[in-house]
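All chains, full assembly: derive it from the sequences and hints.
One-letter residues, chain by chain:
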Amino acid sequence: MTDNLFKISEREYILPGNRACQGCGLSLAYRHALKALGENTILTIPASCLTVLHGLYPITSVEIPCLNCTFASTAASASGLVAGLKALNRNDVTVVAVAGDGGTYDIGIQALSGAAERGTDFIFVCYDNEGYMNTGTQRSSATPPGALTTTTPVLTKQEPKKDMLKIMEAHGLPYIATVCPSYPLDLHEKFTKAKSVQGTRYVQIYAPCPPGWGYLPKDTVKIGRLAVETGIFVLFEIEDGRFRLTGRSRVLAKKGKRVPVSDYLKAQGRFRQISPEQAEKLQRSVDGRWDEYVKRAGK
Amino acid sequence: MIDNNISAMCKPAPGEAGKTGDWRDMRPVIDHTKCTPYVKNKPACFLCWLYCPEGVIRDTIPVEIDLDYCKGCGICAEECPMGAIAMVAEGKQDG
Amino acid sequence: MDNVQILTGNQAAALGAKLCQVQVVSAYPITPQTSLTEVLSHYIEGGELQAEYVRVESEHSAMTVCIAASTAGARVFTSTSSHGLLYMHEQLHWAAGSRLPIVMCCINRGVGAPWSIFNDQQDSIAQRDTGWIQIYCRDNQEIIDTVIQAYRIAEAVYVPVMVCYDGFVLSHTTMPVRIPDERDVRAFLPSYQPHTILNSQEPRNINPVIFPWRRMDAEGCLRDGYMELRYKLQKALEEAKPVIGKACSDYTAIFGRVHEGLFWRYRLDDADALLIGMGSLATEATMAVDRLREQGVKAGVLGVRLYRPFPREEIKNCIGQRKALLIFEKDISYGYEGALCSDVKAALYGSEVKAPVHNFICGLGGRDVKAEELADAVKTSLKMIGAGNLKQQTIWLNCRTEKSNDGQSF
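Residue numbers (numbering that gives the first Met the number 0), protein chains in the order written: chain A, 0 to 298; chain B, 0 to 94; chain C, 0 to 409.
The hints are simulated quantities; they were obtained by calculation from the structure and are not laboratory data.
Backbone N, C-alpha and C define an ideal beta-carbon position, used for all residues, glycine too.
Each hint should be verified, as a subset may be incorrect.
Label pairs and their calculated CB-CB ranges [as the list claims (entries may be wrong)]:
1. A:N39 with B:P42: 22 to 32 Å
2. B:I1 with C:I253: 32 to 42 Å
3. B:W22 with C:M215: 36 to 46 Å
4. A:E291 with B:L66: 22 to 32 Å
5. C:Q192 with A:V250: 13 to 23 Å
6. C:M215 with A:R288: 45 to 55 Å
7. C:G319 with A:E116: 51 to 61 Å
Below, simulated DSSO-like cross-link-like pairs (lysine-lysine); rule was C-alpha separation at most 27 Å, straight line [claimed, not checked]:
8. A:K6 with B:K33
9. A:K221 with B:K10
10. B:K18 with A:K217
11. A:K217 with B:K91
12. C:K231 with B:K10
13. A:K194 with B:K33
14. A:K6 with B:K39
15. B:K10 with C:K234
16. A:K85 with B:K41
17. B:K41 with A:K6
Spelled out as structure tokens, the structure:
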């Protein structure tokens with residue numbers, strides 16, 4: 000398949016007329032991720048928004064083979080695919096598991112930790128839309144503090160977001176990366192790299208969600224950019240323990256000035272009840288983590 | 000044709016959710032005189048292609064949008080650096 | 000010449016899986032299953048068996064690995080017990096719904112709370128409605144033979160098979176076992192042909208969300224809705240009975256050993272009193288029958304081997320005009336009676352069979368069951384029936400609560 004001026008495949012693996020919402024951040028990220036992974040990939044996905052995007056029986060919107068699995072079992076399903084393909088001497092296939100934050104941070108963490116500890120040769124992709132969006136925006140452990148969800152409908156989420164990236168790093172993985180659909184080239188590059196590495200690779204997608212976060216579909220790319228500009232979400236990769244900021248985050252660390260977190264909060268309906276104290280605390284925690292990242296990158 | 004499947008296996012096809020162009024309130028309309036690849040008559044920019052979550056924009060000269068499936072999210076209009084794409088309410092005249 | 004080895008039930012099961020040249024094994028340790036997976040680890044690490052061993056972090060993952068590897072086209076094996084099986088529950092449904100020919104040994108053990116590591120059959124009976132074929136073994140010879148038969152059955156009808164045998168009673172008890180010849184096993188068991196398609200040339204999305212109704216695909220073929228797929232699974236189980244029968248007769252032709260496919264009979268021809276049970280409890284019942292026969296009671300055993308699909312017609316015909324049905328089982332459907340008892344009675348409904356039924360709940364959580372106790376229970380039952388009391392009794396055998404003697408005096 001020919002590449003264009005972005006050096007990205009022209010081939011679309013996601014067919015038009017799928018069920019993803021208008022302006023879906025996952026859809027944009029997934030589109031470029033699949034371009035980087037290419038057709039010699041087998042996917043496994045649990046119940047999630049992605050199940051909906053992949054389509055309802057008997058038609059699928061994605062031209063990559065995919066095995067649906069139960070919510071808690073994503074990484075184990077990938078382990079089974081890897082073992083089965085190896086037993087059959089099919090060694091040229093990349094096994095990729097893709098789960099939401101619920102399927103990663105919450106119900107999927109046991110199987111993920113097990114597969115990572117076993118060094119299973121696969122890529123685990125978490126698309127983090129910070130809640131149970133497919134079931135109607137319930138709180139997950141990835142929901143940020145101050146966000147309204149349908150299960151934190153009055154007081155907002157009180158607890159900080161779980162740092163899944165640190166948890167995955169503690170498994171000693173050969174490759175960890177964060178990506179955001181507002182930066183498709185950075186995303187494409189990281190998926191291409193992840194594909195070339197052996198062992199368990201973890202890629203976390205920041206996936207803005209218009210209906211769940213309360214902003215207009217046209218603003219998905221802008222919200223993603225704001226997340227990076229504020230440092231709410233940081234673009235980096237960790238290769239065999241070597242930490243590196245990438246793309247816009249790298250530029251920001253060198254010379255830029257981060258935008259205040261309040262700009263990010265104001266742009267989304269889910270933060271309309273956040274208290275000044277919560278917002279202030281969030282800004283401090285973003286600052287603290289940013290300093291930590293910059294310090295690591297500087298080493 | 001008889002359905003011989005014993006488990007649920009899907010084949011890929013476009014339009015699994017139907018013609019999703021029906022979802023639109025607003026449709027993107029390109030003013031090619033402002034569109035860089037058209038003006039320069041060579042491959043350039045194509046940010047609308049890059050940012051379209053649906054993959055329904057073709058990076059051709061001129062740029063084309065598949066309105067059968069475009070859901071009308073408006074990201075292309077928002078991201079176009081030249082302001083060449085306008086979102087026009089469905090039912091109204093172009094531009 | 001026969002190759003006879005002295006093996007535990009778990010060793011026999013592991014050897015059976017090895018003879019079938021399973022390609023992927025995944026398991027999580029639980030008593031009393033552990034020694035089975037340990038033997039398989041030795042086979043694989045020692046190079047005796049070319050297979051991938053995925054040492055997962057839970058039983059839920061063990062069954063998931065089997066599901067995914069089987070979908071990819073590998074012959075897979077796992078085993079578990081008790082809470083491990085319960086933890087798999089969701090995946091048991093998924094495996095059957097995916098129509099994957101997974102073979103699993105369930106080494107039967109009681110279920111908490113409170114903890115019991117000892118034998119009963121509550122664990123597998125509780126999985127009755129997951130869409131798996133369930134076969135109960137009575138001794139270690141039957142375990143190795145059934146594991147081999149299980150792959151032939153599963154891969155013919157695309158339904159997973161659970162080979163159940165009693166924890167400790169069989170799993171940890173040594174018996175002489177005739178070992179099938181490897182070439183004979185290969186002749187008996189063709190290679191696995193998956194029905195699933197998992198490759199880039201023909202990308203398929205397997206087991207997505209499905210509508211309640213049927214829906215047209217892009218080529219204009221009206222495809223199944225949820226109910227049609229469920230009906231196909233039900234039909235596959237019902238139609239498995241002759242396949243199981245054929246697998247057993249073919250097995251006998253090659254290996255010389257007879258395992259009646261659906262159930263086995265012991266001193267049954269002229270028996271008035273029929274003892275019905277599954278697994279090692281039914282074996283114990285044969286010894287009770289010998290005692291009863293010595294005392295002039297015409298008793299026999301119907302040992303249920305195939306529990307799902309339930310051999311309704313065949314059991315009904317075998318029961319015929321017996322005078323008493325004594326159903327012994329190591330499980331309880333709380334609030335009603337033993338599950339086997341309900342199934343046997345349902346098979347008889349509307350037929351000419353009017354024999355009174357006594358249901359004995361026994362051996363829960365490893366409570367000892369002696370042949371003598373079974374024989375005594377049968378005698379007491381027959382006395383009641385003889386005295387004209389034809390009402391069904393559900394008796395908790397050898398069970399007395401602390402407070403009183405209100406437990407059955409049987």
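Against the structure, the hints come out as follows:
Evaluation of the 22 to 32 Å hint for A:N39 and B:P42 yields a pass: the beta carbon distance comes to about 28 Å. Range check, B:I1 to C:I253: Cβ separation about 36 Å, and the 32 to 42 Å hint holds. Between B:W22 and C:M215 the C-beta distance comes to about 21 Å, which lies outside the given range of 36 to 46 Å. Roughly 47 Å separates the CB atoms of A:E291 and B:L66, a value that falls outside the hinted 22 to 32 Å.
Against the hinted window of 13 to 23 Å, the Cβ-Cβ separation of C:Q192 and A:V250 comes to about 55 Å, which falls outside the hint. Distance hint check for C:M215 and A:R288: the Cβ-Cβ separation is about 51 Å, which falls inside the suggested range of 45 to 55 Å. Taking the beta carbon of each, C:G319 and A:E116 are about 58 Å apart, inside 51 to 61 Å as hinted. Between A:K6 and B:K33 the alpha-carbon distance is near 24 Å, which keeps this suggested pair within the 27 Å criterion.
Restraint check: the Cα-Cα separation between A:K221 and B:K10 comes to about 35 Å, which exceeds 27 Å; the hinted pair is violated. About 20 Å separates the Cα atoms of B:K18 and A:K217, which keeps this hinted pair within 27 Å; it holds. In summary, the hint linking A:K217 to B:K91 is supported, as the alpha carbons are separated by about 20 Å, within the 27 Å threshold. With a C-alpha separation of about 20 Å, the suggested pairing of C:K231 with B:K10 holds against the 27 Å cut-off.
Of the supplied pair hints, the one linking A:K194 and B:K33 is violated, its CA atoms being roughly 39 Å apart against a limit of 27 Å. For the proposed pair A:K6 and B:K39, the alpha carbon gap of about 20 Å is at most 27 Å, so the pair holds. A C-alpha spacing of about 25 Å is found between B:K10 and C:K234, which places the hinted pair at or below 27 Å, so the restraint holds. Between A:K85 and B:K41 the CA atoms are separated by roughly 46 Å; this puts the pair beyond 27 Å, and the hint is violated.
Of the supplied pair hints, the one linking B:K41 and A:K6 holds, its CA atoms being roughly 16 Å apart against a limit of 27 Å.
Consistency with the previously given hints fails for numbers 3, 4, 5, 9, 13, 16, ordered from lowest to highest.
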